[in-house]
Amino acid sequence: MTIDRLHFRQPLAHTPFYEAYADLSKTENWATWNSYKVPRIVDKLSVEYFAVRSGCSVMDLTPMEKYRIEGPDARSYLDKLVTRDLSKLRPGRVTYVVWCNDDGKLIDDGTLFQFDTNRYRLCAQHHQLDWLLMSADGFDVEIALETHDVAALAVQGPTSYSVLEMAGIAGLEDLEPFGIRELACGSVPVVVSRTGYTGDLGYELWVAPEHAIALWNSIFAVRGRYDIHLIGLDALEMVRIEAGFVMPGFDFNCAETTIRDGYDRSPYEVGLGWAVHLDKGRFTGRKALRAEKLRPAGRRLTKLVVDGNKPVGEAFIYAGRKGKQVGEIKCTTWSPILKANLAIADIDYIGGKLPDSLWARFDYQRELKWRTAWAECHPQTKPFYTPEHRSKTPPARF
Amino acid sequence: MTERYDAIVIGAGHNGLVCAGYLARAGMRVVLCEASTAVGGMAAGRRFGDGERYGVPGLAHLHCPVGKTLCNDLKLDDFGYSVGEPIDTIALAPDAAPLVLGVDSVKGDALNDADIAAYPQFRRRYAGFAAALAPLFETKPPRLKNLATGDLSTLTKLGWKIRFGLGRDIMYEFLRVAAINIHDVLNEAFDDERLKAAIALDAVLGSAMGPRTPGTVLTWLQRLHGERHGAIAMSNGTLVAALAQSAEAAGVTIRPGCPVERVLIDDDRATGVMLAGGETLEAGIVVSGIDPRATFLQLVGAPQLDTMFANRVRQIRGAGVVGKLHLGLEGLPEFSGVDASQLRQRLLIAPTMRHVERAFNCSKYGECAEHPVFEITVPSLADPSLAPEGRHVMSVNVAYLPFDVKGGWQENKAAIVRHILAELATYAPGIESQVSDHEFLSPADIEREYGAVQGHWHHGELSIHQSFMLRPLYGAAQYDTPVEQLYLCSAGCHPGGGVTGLAGRNAAKRILESGAAS
Numbered sequence: 000m001t002i003d004r005l006h007f008r009q010p011l012a013h014t015p016f017y018e019a020y021a022d023l024s025k026t027e028n029w030a031t032w033n034s035y036k037v038p039r040i041v042d043k044l045s046v047e048y049f050a051v052r053s054g055c056s057v058m059d060l061t062p063m064e065k066y067r068i069e070g071p072d073a074r075s076y077l078d079k080l081v082t083r084d085l086s087k088l089r090p091g092r093v094t095y096v097v098w099c100n101d102d103g104k105l106i107d108d109g110t111l112f113q114f115d116t117n118r119y120r121l122c123a124q125h126h127q128l129d130w131l132l133m134s135a136d137g138f139d140v141e142i143a144l145e146t147h148d149v150a151a152l153a154v155q156g157p158t159s160y161s162v163l164e165m166a167g168i169a170g171l172e173d174l175e176p177f178g179i180r181e182l183a184c185g186s187v188p189v190v191v192s193r194t195g196y197t198g199d200l201g202y203e204l205w206v207a208p209e210h211a212i213a214l215w216n217s218i219f220a221v222r223g224r225y226d227i228h229l230i231g232l233d234a235l236e237m238v239r240i241e242a243g244f245v246m247p248g249f250d251f252n253c254a255e256t257t258i259r260d261g262y263d264r265s266p267y268e269v270g271l272g273w274a275v276h277l278d279k280g281r282f283t284g285r286k287a288l289r290a291e292k293l294r295p296a297g298r299r300l301t302k303l304v305v306d307g308n309k310p311v312g313e314a315f316i317y318a319g320r321k322g323k324q325v326g327e328i329k330c331t332t333w334s335p336i337l338k339a340n341l342a343i344a345d346i347d348y349i350g351g352k353l354p355d356s357l358w359a360r361f362d363y364q365r366e367l368k369w370r371t372a373w374a375e376c377h378p379q380t381k382p383f384y385t386p387e388h389r390s391k392t393p394p395a396r397f
Numbered sequence: 000m001t002e003r004y005d006a007i008v009i010g011a012g013h014n015g016l017v018c019a020g021y022l023a024r025a026g027m028r029v030v031l032c033e034a035s036t037a038v039g040g041m042a043a044g045r046r047f048g049d050g051e052r053y054g055v056p057g058l059a060h061l062h063c064p065v066g067k068t069l070c071n072d073l074k075l076d077d078f079g080y081s082v083g084e085p086i087d088t089i090a091l092a093p094d095a096a097p098l099v100l101g102v103d104s105v106k107g108d109a110l111n112d113a114d115i116a117a118y119p120q121f122r123r124r125y126a127g128f129a130a131a132l133a134p135l136f137e138t139k140p141p142r143l144k145n146l147a148t149g150d151l152s153t154l155t156k157l158g159w160k161i162r163f164g165l166g167r168d169i170m171y172e173f174l175r176v177a178a179i180n181i182h183d184v185l186n187e188a189f190d191d192e193r194l195k196a197a198i199a200l201d202a203v204l205g206s207a208m209g210p211r212t213p214g215t216v217l218t219w220l221q222r223l224h225g226e227r228h229g230a231i232a233m234s235n236g237t238l239v240a241a242l243a244q245s246a247e248a249a250g251v252t253i254r255p256g257c258p259v260e261r262v263l264i265d266d267d268r269a270t271g272v273m274l275a276g277g278e279t280l281e282a283g284i285v286v287s288g289i290d291p292r293a294t295f296l297q298l299v300g301a302p303q304l305d306t307m308f309a310n311r312v313r314q315i316r317g318a319g320v321v322g323k324l325h326l327g328l329e330g331l332p333e334f335s336g337v338d339a340s341q342l343r344q345r346l347l348i349a350p351t352m353r354h355v356e357r358a359f360n361c362s363k364y365g366e367c368a369e370h371p372v373f374e375i376t377v378p379s380l381a382d383p384s385l386a387p388e389g390r391h392v393m394s395v396n397v398a399y400l401p402f403d404v405k406g407g408w409q410e411n412k413a414a415i416v417r418h419i420l421a422e423l424a425t426y427a428p429g430i431e432s433q434v435s436d437h438e439f440l441s442p443a444d445i446e447r448e449y450g451a452v453q454g455h456w457h458h459g460e461l462s463i464h465q466s467f468m469l470r471p472l473y474g475a476a477q478y479d480t481p482v483e484q485l486y487l488c489s490a491g492c493h494p495g496g497g498v499t500g501l502a503g504r505n506a507a508k509r510i511l512e513s514g515a516a517s
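So the sequence lines, in the order shown, correspond to chains F and H. Okay, so the first sequence: first residue is 0 according to numbering that gives the first Met the number 0, each after it adds one. Okay, so the second sequence: first residue is 0 according to numbering that gives the first Met the number 0, each after it adds one.
Read the hints as simulated data drawn from the structure, not as lab findings. Note that this is a predicted model, so its numbers are computed, not measured. Glycine included, each C-beta is placed from N, C-alpha and C at the ideal position. Certain hints may be false.
Said to hold, decoys possible - Over 12 Å on every C-beta distance to chain F, these chain H residues come out as not near it, computed from the model: (1) Arg3; (2) Pro85; (3) Ala240; (4) Ala275; (5) Met307; (6) Gly336; (7) Cys361; (8) Leu420; (9) Pro428; (10) Gly474; (11) Val482; (12) Ser513.
To be verified - Here are the in silico distance ranges between beta carbons for each label pair: (13) F/Gly248 <-> H/Gly514: 56 to 66 Å; (14) H/Arg447 <-> F/Thr116: 52 to 62 Å; (15) H/His464 <-> F/Leu5: 58 to 68 Å; (16) F/Asp278 <-> H/Gly300: 19 to 29 Å; (17) F/Thr26 <-> H/Gly300: 32 to 42 Å; (18) F/Asp278 <-> H/Glu172: 50 to 60 Å; (19) H/His464 <-> F/Thr116: 41 to 51 Å; (20) H/Gly300 <-> F/Leu144: 18 to 28 Å; (21) F/Glu69 <-> H/Asp266: 28 to 38 Å; (22) F/Gly351 <-> H/Gly474: 50 to 60 Å; (23) H/His464 <-> F/Leu144: 30 to 40 Å; (24) H/Arg447 <-> F/Thr380: 34 to 44 Å.
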């Protein structure tokens with residue numbers, strides 16, 4: 000292996016798509032994601048947001064952690080790794096999974112792609128190679144990091160299906176949500192999955208790095224016909240909160256990097272209990288999760304609609320106005336499409352139950368003068384925003 | 000056809016025999032599965048040589064009397080248990096006369112009066128420290144989190160013994176030395192190199208530690224705790240025989256030649272075992288008397304364990320560094336400066352602490368000690384049946400020989416044995432020509448023949464981070480395991496190695512108290 004001695008001159012790596020969008024950035028507002036330079040905001044946040052909700056958005060997904068998992072024991076290995084019952088997963092399908100440490104505390108979440116009987120890809124928010132390898136003890140399975148070997152784009156929004164079709168990717172009409180297809184865009188082989196992190200109709204495109212620009216160009220070639228926008232991480236943050244998706248490392252601590260006792264979270268505590276199947280067979284953390292299930296709920300990440308239109312920010316939550324402090328907001332956004340203040344908050348349960356009345360106490364500025372306000376919060380059990388077109392097959396043509 | 004028991008004990012080493020005996024005496028229907036054709040594990044005698052004409056008392060050729068409680072509980076005296084004659088230690092040196100170390104006296108040429116006077120005091124003081132630790136050794140190690148009443152009482156007794164049993168000043172001394180190395184302590188106490196090295200060797204033999212390794216005072220205290228019921232003696236085989244008979248009398252079914260292939264687990268709960276032939280046995284509980292690493296990684300399997308736990312099992316430190324050399328001799332060996340009557344004692348070749356430390360250094364880098372250390376006995380003097388008429392057998396522990404020797408044991412064994420014999424010959428001139436038969440067990444052989452992972456006598460290093468409630472590892476203290484109804488009872492558990500039966504007894508008590516038996 001040779002070491003590039005001048006690597007420090009470019010501390011952030013460029014994805015294979017970078018040269019296509021380097022000049023698109025009007026704001027030069029970049030973010031670091033997994034050591035890659037990606038847009039935070041390309042041009043205007045509202046434009047990017049509405050590209051997801053009423054047009055077509057394109058986002059560079061390359062920095063997402065990707066792992067190839069292959070071998071005769073791949074399935075039994077994954078059964079031990081993740082908390083979810085995988086018996087319904089089959090080749091050509093994707094499923095959402097979480098995995099825990101021995102104490103039943105969340106390490107990360109991700110999407111698990113099954114390509115073949117013994118061939119999978121796991122996409123994760125954070126670096127997982129050490130945990131994946133450690134979990135492989137006793138299994139005939141090969142695990143390799145492929146983050147840098149697979150370029151990926153998320154094409155999301157109500158018109159995304161029409162855009163991809165017009166860009167030359169045929170065969171998407173009967174691809175159902177969480178399905179995978181190996182297709183082509185012109186002469187470029189591309190794997191398309193109907194997955195995403197926006198809660199809207201959308202696809203993720205997986206391509207070899209050398210074909211990245213060709214794929215990009217095919218998609219943006221139909222820009223004259225459709226409104227297509229490259230989006231950054233800020234717009235993604237808005238739409239993922241609307242969709243009710245939690246973000247490991249931001250909405251809760253990942254167990255492997257948590258230092259203080261009790262600061263990590265279990266799947267139940269973050270509202271992912273539906274992805275835990277205690278009777279599916281053994282998996283890491285099952286014993287601890289079984290024990291937790293028997294105890295009254297101690298706390299939950301809870302989706303809240305907050306009254307009013309003032310930005311709530313990082314606020315404490317109280318049981319009743321001026322009541323006992325019971326939690327804190329982990330992420331919040333103004334939802335332009337719902338015209339509502341949305342938040343996801345970590346809330347302590349009282350007597351195993353969510354307190355009846357929840358209020359946020361927050362500070363805001365009016366012409367540089369700080370004020371304190373109270374706003375009532377209304378817990379939601381469903382995602383804030385789930386459009387019908389998201390799961391229609393075939394999707395509507397525009 | 001599946002047979003059903005209350006308890007299955009895996010491995011008929013002495014701890015397995017003890018545990019099975021206790022469980023059966025509590026009314027359980029117990030089967031004891033042993034891979035080898037004989038019971039006793041490392042304490043079992045073995046034969047070697049042309050037509051197996053020679054015999055040795057076992058890998059553990061010396062041990063101390065077991066405790067009175069154990070003897071009484073299992074009625075070992077009724078089954079013929081007898082303690083061999085207590086023996087002294089003869090410490091050889093290349094260009095000086097040997098020293099003779101007893102329990103409370105030391106003598107030898109060129110030994111100064113200060114050392115002679117200090118020796119019994121030193122022994123008494125450290126025997127006192129070992130006695131202060133007895134509450135900890137003789138029961139299950141206390142769990143510090145969520146203290147149970149029994150654990151609290153163990154800690155209270157321990158605290159009381161250390162504070163009031165020792166007295167304030169001696170308690171300070173105990174706290175000062177408990178975690179440091181034996182090298183520094185011995186340099187404070189004595190002048191004579193032979194004397195210091197002989198004591199240091201007892202602290203480190205069997206461990207991948209040199210006299211300067213931190214924690215070697217603790218290993219010596221563990222050794223002294225073993226001597227509480229009497230001085231060290233030649234193994235005579237009666238312990239293993241008595242344990243086996245006692246267990247059988249209590250109703251234990253002992254099945255030698257019956258290797259367990261795997262522990263059967265249903266829904267995180269041990270339900271029985273599968274034997275090598277495919278036969279299955281069912282039981283309410285399964286107790287493993289073999290190395291915890293083999294228990295978890297081979298019999299249970301990493302896939303059945305949570306990831307972090309399985310990884311911690313992999314990290315257990317415990318690579319053996321002692322080989323065992325058995326020599327069939329055509330006559331009595333002659334060691335320079337040692338008279339024939341002294342051959343009934345234990346001979347040590349460890350002339351200085353530096354010699355021991357250097358021998359250890361080699362093993363750290365995968366090399367055999369250039370000048371090894373030796374612990375030598377001539378068992379045929381105590382038991383003439385071990386050798387044909389007029390002949391003798393010598394049983395020798397040789398350290399430090401790494402488990403993962405550079406180039407592999409298979410390829411290098413012959414050369415290494417030649418080197419060991421040549422080293423031995425510098426103390427016993429002409430011994431090479433007396434050897435008619437020999438057998439050498441490298442740590443790799445010990446792993447293969449005794450199932451002790453990496454050939455470690457104690458199924459895991461007796462280091463502080465692997466002792467007490469951390470033995471064998473965090474997540475499996477107090478003889479429990481993450482697999483319900485699966486328990487551990489080997490030397491890999493608290494209080495560790497030595498032929499004391501304490502791990503087996505503590506485990507049985509723990510199982511019976513926990514109500515797992517019902």
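Check: Which of the numbered hints are not met once you compare them with the structure shown?
Finding: 5, 10, 11, 13, 14, 15, 17, 22, 24
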